[in-house]
Amino acid sequence: EADIYQTPRYLVIGTGKKITLECSQTMGHDKMYWYQQDPGMELHLIHYSYGVNSTEKGDLSSESTVSRIRTEHFPLTLESARPSHTSQYLCASSAAGTTNTGELFFGEGSRLTVL
Amino acid sequence: AQSVTQPDIHITVSEGASLELRCNYSYGATPYLFWYVQSPGQGLQLLLKYFSGDTLVQGIKGFEAEFKRSQSSFNLRKPSVHWSDAAEYFCAVGNQAGTALIFGKGTTLSVSS
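Quick mapping for you: the protein sequence lines, in order, are chains A and X. Mapping of the first sequence onto this note's numbering: residues 1 to 115, in sequence order. Mapping of the second sequence onto this note's numbering: residues 116 to 228, in sequence order.
Next up, chain X with everything else stripped away, as it sits in the complex (with noise of 0.2 Å):
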């Protein structure tokens, strides 16, 4: 079955400190990965995606994911994390075809200071 495994349904770090969330999928073809992030409220914003080349893909707001297919892996990074960046973070794979993407559950994240 297609699915999209977020492991951490919330984290917190201190501002300043280093982030990765992590994000694990299942799906029988050729996936293209995608990060949204979404604040309290909004809809749904693109940080990054990643369907071809380079397996190391830098985003908006300092975000970067790397595709790791041994692992089926495509964690979320960023080096030092801001009060802004709290949010709830989502994972989610799709296909060339351009069909609906397939969300994992979430990651909430809360910056301390």
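Same shape as in the complex, but just chain A (with noise of 0.2 Å):
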């Protein structure tokens, strides 16, 4: 059973706002992930991080930001929250070096509405 968490699960909130969606994992997994899920589409890669302050810009462009200050925490803030932001949030987290099978372990995904 895969150790990772995300708050909220879900969350309706108005245009302009800001928000942050929580990602934490507790199997000191130096890799985290964020993906953007759609009906019907493929999952985009929006933010990685490779360990601690390392972060970078994943295949889709996002208007949302992330931080690596912890190992365990992988935070994603949207700074002025828009309709077009609504989407389904999934976080990853995979393990590094000769441990490493490729696999990413998953939490449950924080379903965002923006009014």
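Since the hints were derived computationally from the structure, they do not count as laboratory data. A virtual CB, placed ideally from N, CA and C, is assigned to each residue, including glycine. A few of these clues could be false.
Unchecked claim - With the C-beta cut set under 10 Å, the calculated list includes, among others, these residues of chain A facing chain X:
no.	residue
1	Arg68
2	Ala92
3	Ser94
4	Glu103
5	Gly109
The task is to assemble the complex, starting from two chains supplied on their own in separate frames and drawing on the hints.
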């Protein structure tokens, strides 16, 4: 059983509000990821981190930002939410080095609705 | 370009019947291949993975998949589907370096009684 947690699970918020989606893992994984998932579409990588103080943008352009101050924590922030940000956001982590088999462990997701 | 194609958007199978979900990939390096399942409102759970060795891999819940390098395919199979298998299934490709996985668009499986 993977130990990666996302909060909130569901969030409905008005346009212009600042939101932070939390993601924490207790597996000691160096690598963490944020994917955006829309119905009928593949998961799109929006941010990733290979360790503390390391963050990179993914393949899909996103107005969100991330930080990695601690190994176990990888929050995603939207400074000013818009209806186009309505989506499901999935956080994942993976091991690095010789123990890595490429597998990602996923949280249960945060479904964001911006009105 | 690196990509994963799942040709079937939606499949309906009778309970007890066999199942095959198709996955084709395009990847420059030696691929690590995965199948994940997602139930409504949930995250993704790993069903099985292939990165070396026997090309027929066994996973959880009675699923198996076969890696065919010549066809760039990694199809998922189950001999007898249960109603609880209704979910969305995602095929993904990655590499030994452990970079982010590339996912297909998913196949929704419905199970009829």
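Structure-based check of each hint:
Interface restraint check for A:Arg68: the shortest CB-CB distance to chain X comes to about 15 Å, outside 10 Å, so the restraint is violated. With 10 Å as the threshold, the beta carbon of A:Ala92 comes within range of chain X, its nearest partner Cβ sitting at about 8 Å, so the hint holds. Hint status for A:Ser94 relative to chain X: holds, with the closest Cβ pair at about 6 Å, below 10 Å. Hint on A:Glu103 holds. Least Cβ distance to chain X is approximately 6 Å, under the 10 Å limit.
Because the closest C-beta pair between A:Gly109 and chain X is about 5 Å apart, less than 10 Å, the hint holds.
Consistency with the previously given hints fails for number 1 only.
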